[in-house]
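Use these hints to put chain S onto chain P, whose structure you have.
Residue numbers (my numbering), protein chains in the order written: chain P, 1 to 176; chain S, 1001 to 1341.
What the hints contain is simulated information worked out from the structure, not anything from laboratory work.
Don't take each hint at face value.
Only pairs whose alpha carbons sit at most 30 Å apart, straight line, appear in this in silico BS3-like list of lysine-lysine [as the list claims (entries may be wrong)]: (1) LYS24(P) <-> LYS1337(S); (2) LYS149(P) <-> LYS1326(S); (3) LYS138(P) <-> LYS1082(S); (4) LYS138(P) <-> LYS1081(S); (5) LYS1082(S) <-> LYS1326(S); (6) LYS1326(S) <-> LYS131(P); (7) LYS1337(S) <-> LYS1326(S); (8) LYS1339(S) <-> LYS164(P); (9) LYS1180(S) <-> LYS1337(S); (10) LYS1082(S) <-> LYS131(P); (11) LYS149(P) <-> LYS138(P); (12) LYS149(P) <-> LYS131(P); (13) LYS1337(S) <-> LYS138(P); (14) LYS164(P) <-> LYS1337(S); (15) LYS1339(S) <-> LYS1326(S); (16) LYS131(P) <-> LYS1315(S); (17) LYS1245(S) <-> LYS149(P); (18) LYS1180(S) <-> LYS1339(S); (19) LYS149(P) <-> LYS24(P); (20) LYS149(P) <-> LYS1081(S); (21) LYS138(P) <-> LYS1326(S); (22) LYS1326(S) <-> LYS24(P); (23) LYS1245(S) <-> LYS1180(S); (24) LYS1315(S) <-> LYS164(P); (25) LYS1315(S) <-> LYS1081(S); (26) LYS1315(S) <-> LYS1326(S); (27) LYS1081(S) <-> LYS131(P); (28) LYS1315(S) <-> LYS138(P); (29) LYS24(P) <-> LYS164(P).
Counterexamples of contact, computed for chain S against chain P with all Cβ distances above 12 Å [as the list claims (entries may be wrong)]: (30) GLN1022; (31) PRO1067; (32) MET1162; (33) SER1235; (34) ALA1273; (35) GLY1279; (36) LEU1293.
Quantities reported herein were computed from a predicted structural model and do not represent experimental measurements.
C-beta atoms are modelled at their ideal positions from N, C-alpha and C, and glycine is treated no differently.
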Amino acid sequence: MIHHRMLALFNDFDGATNLLRELKATSIPGLDFDNVTMKSPIEHPDVEAVLGLRPVNVQKWTLFGSLFGGIVSFVLISAAQGNFFAQMKGGKPIIPIPPNLVLTYEMLILGGVFITIVGFLIGAGLPVGLKSSLYNAKISEDQIGILIKAEAHAMPQIRALFEKHRALEIQEEVVA
Amino acid sequence: MTTFSLLTAGLFVAVHLGRIWQIYYAIPYPNERGLWPNFQSPLLWDAMAIFTYLSSSIIFLYIGAIPDYAICRDNTTGWRKKMYSALALGWMGTDRQWRNFRVTYLTVACFLIPLAVSVHSIVASDFAMSQQPGWHVTSFPPYFVAGALYSGCAAIITLFIMLRYVFRFEEYMTLPILDKVGRLTFAISMVWTYLNLIEFASVWYGHDMYSKEVLLQKATGVYAPFWWTMLFCGSIVPLALAFKKLRASIPLMLVVSLLLNLGMWLERWMIVAPTYSHGYYPWLWDHDQWPSLVQWGVVFGSFGWFGMLFMMFVKLTPSISMYEVKEMVYHRTQALKEKEA
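Chain P with its partners taken away, still in its complex shape (with noise of 0.2 Å):
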């Protein structure tokens, strides 16, 4: 199946809302809605909302992280501590919990940050090319995109949807 991919850009929120909510009650053959995206140079979670819930999985990784860096530093510290033979403990315990939690708490910190980032790259699919996706530079500085990937016999109706709303620009390609 050949698939295209469409790229509009609009001047503001609202024309970009005022289209997904139109794109979301047609039902146009050949164009499932999870594969509309918007671009924009700000966040903007009412707009968000119509495209609907998109899971984010970060603070999963933030959980598995912090339990991570936290638990495995507390047992290779505990670990380093038990297998020092040559250190005299004169009746001090082998493995001193307060000073343990102090490093396990900073290893906990660090782990969740460094785990949360991970988390981040691959939810929000980044690095990624320029070049795999339809882009323009107009949306870094003030414009909205909305980009539509479909059957190519859906593409005229969408086209239709776009320059109804008023887009300012119509970028298309085909995808393989």
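Positioned in the frame of chain P, the structure of chain S alone reads:
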């Protein structure tokens, strides 16, 4: 600022060794040389805390600037475009990217706040967990946290005014923002003053004659001019920030912030030097810790190093978050439209 200050502080570990190649023998990790990290030492906690703080600060700085790097990428040419393209990671501002960005930025920020408190508390533990008079103080951790916030705010005011003047940032770095930073600085200065008074009172009314001696030496000995200047700059000068008219005057704010910076620099010196020269060893009592020319060179070199890094950063990367300014403008315009409707 945090990142560059930490880079400077990290450099000091090597600088203070004298023979810089010896740093290899100082890095604490289990190895064939028989060195073994003492996990119970606050110095080791310090190394780990500062590493965590530095890496987290760099990540926070970088992640928050990705949308801005994308703007720079789309508006530059040549080597700058290549550099910003690499830094932007292919950011296109998709809703998926923004959703993940929002959560990530907030999460890392939430990590950084307790991290900042823990780092300064641990640095304070380096001193407080020793038995040295003048350092063995219970209130040191909150005192260091307050001191860090205080000097940070003072430095923000100084750099805020300088950037406003040099780069003509009047439209972004507005007077209401300066006013709020001024109020915050005033509040923190009072916390810092309170913690100082607690320290003095607990030493004065305590039964440790050595700590009392160090305190008396600070107030009446060779360090007295610096100690009183520290108190004047740290506790009296910020009272000016309580007045709105004074907070609205940019030249006065600059002078106040420079005095606060001086006070906070003297604070660090007054923590370290008097205990060294009036500790438990009587043979050190006539050795006043006055910096040599080389030490002054190191100090001013650190100022230059920090200044160079900061200026390079400001020159090469967006020093004001462009996407946040765009958001602010958008929301204000929307609010005005709603008001008119």
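A quick look at each hint next to the structure:
1. Pair hint LYS24(P) plus LYS1337(S) holds up; C-alpha atoms about 27 Å apart against a cutoff of 30 Å.
2. Annotation: proposed proximity of LYS149(P) to LYS1326(S) holds, straight-line Cα distance about 28 Å (limit 30 Å).
3. At roughly 18 Å between alpha-carbon atoms, LYS138(P) and LYS1082(S) fall within 30 Å of each other, so this suggested pair holds.
4. Of the pairs offered as hints, the one joining LYS138(P) and LYS1081(S) holds, with about 16 Å between alpha carbons and a cut-off of 30 Å not exceeded.
5. Using a Cα cut-off of 30 Å, the hinted pair LYS1082(S) and LYS1326(S) holds, with the two alpha carbons roughly 24 Å apart.
6. Distance restraint check for LYS1326(S) and LYS131(P): the Cα-Cα separation of roughly 26 Å lies within the 30 Å cut-off, and the hinted pair is therefore satisfied.
7. Taken as a hint, the LYS1337(S) and LYS1326(S) pair is honoured in the structure, with Cα atoms around 16 Å apart against an allowance of 30 Å.
8. Proposed proximity of LYS1339(S) and LYS164(P) is supported: the alpha carbons are some 29 Å apart, at most 30 Å.
9. For a cut-off of 30 Å, the pair hint linking LYS1180(S) to LYS1337(S) stands: about 27 Å separates their Cα positions.
10. Annotation: proposed proximity of LYS1082(S) to LYS131(P) holds, straight-line Cα distance about 15 Å (limit 30 Å).
11. Straight-line distance between C-alpha atoms of LYS149(P) and LYS138(P) comes to about 20 Å, which keeps the hinted pair within the 30 Å bound.
12. Among the hinted pairs, LYS149(P) with LYS131(P) is consistent with the structure: their alpha-carbon atoms are about 15 Å apart, no more than 30 Å.
13. A threshold of 30 Å between alpha carbons decides the hint, and for LYS1337(S) with LYS138(P) the separation of about 24 Å falls inside it, so the pair holds.
14. The straight-line distance between the Cα atoms of LYS164(P) and LYS1337(S) is roughly 24 Å, inside the 30 Å bound, and the hint therefore holds.
15. Distance check on the hinted pair: LYS1339(S) and LYS1326(S) sit about 20 Å apart at the alpha-carbon level, within 30 Å; holds.
16. Among the hinted pairs, LYS131(P) with LYS1315(S) is consistent with the structure: their alpha-carbon atoms are about 29 Å apart, no more than 30 Å.
17. Note on LYS1245(S) and LYS149(P): the hinted pairing is violated, with a Cα-Cα distance of about 58 Å set against a maximum of 30 Å.
18. At most 30 Å may separate the alpha-carbon atoms for a hinted pair to count; LYS1180(S) and LYS1339(S) meet this at roughly 26 Å.
19. Under the criterion of a C-alpha separation no larger than 30 Å, the hint pairing LYS149(P) with LYS24(P) is consistent with the structure, at around 14 Å.
20. With a C-alpha separation of about 29 Å, the suggested pairing of LYS149(P) with LYS1081(S) holds against the 30 Å cut-off.
21. Between LYS138(P) and LYS1326(S) the CA atoms are separated by roughly 14 Å; this keeps the pair inside 30 Å, and the hint holds.
22. About 28 Å separates the Cα atoms of LYS1326(S) and LYS24(P), which keeps this hinted pair within 30 Å; it holds.
23. Using a Cα cut-off of 30 Å, the hinted pair LYS1245(S) and LYS1180(S) holds, with the two alpha carbons roughly 13 Å apart.
24. Between LYS1315(S) and LYS164(P), the direct Cα distance comes to roughly 44 Å. Violation of the 30 Å bound is thereby established for this hinted pair.
25. Restraint check for LYS1315(S) and LYS1081(S): the C-alpha separation of about 15 Å stays at or below 30 Å, so the hint holds.
26. A C-alpha spacing of about 21 Å is found between LYS1315(S) and LYS1326(S), which places the hinted pair at or below 30 Å, so the restraint holds.
27. Simply put, LYS1081(S) and LYS131(P) have alpha-carbon atoms about 15 Å apart, close enough for the 30 Å limit, and the pair holds.
28. In summary, the hint linking LYS1315(S) to LYS138(P) is supported, as the alpha carbons are separated by about 24 Å, within the 30 Å threshold.
29. At most 30 Å may separate the alpha-carbon atoms for a hinted pair to count; LYS24(P) and LYS164(P) meet this at roughly 15 Å.
30. Annotated as non-interface, GLN1022(S) keeps its C-beta farther than 12 Å from every C-beta of chain P; the closest such distance is 23 Å.
31. Chain P draws PRO1067(S) into its interface by the beta-carbon criterion, the shortest separation being 8 Å against a cut-off of 12 Å.
32. A cut-off of 12 Å between C-beta atoms confirms that MET1162(S) is not in contact with chain P; the least separation is 28 Å.
33. Once the 12 Å rule is applied to beta carbons, SER1235(S) is consistent with being away from chain P; the minimum gap is 31 Å.
34. Distance check on ALA1273(S): its Cβ is at least 28 Å (rounded) from any Cβ of chain P, clearing the 12 Å threshold; non-interface status holds.
35. The beta carbon of GLY1279(S) sits about 25 Å from the closest Cβ of chain P, which is more than 12 Å, so the claim that it is off the interface holds.
36. No Cβ of chain P comes within 12 Å of the Cβ of LEU1293(S); the nearest lies about 38 Å off, and the non-interface call holds.
Checked against the numbered hints above, the structure breaks hints 17, 24, 31 and satisfies the rest.
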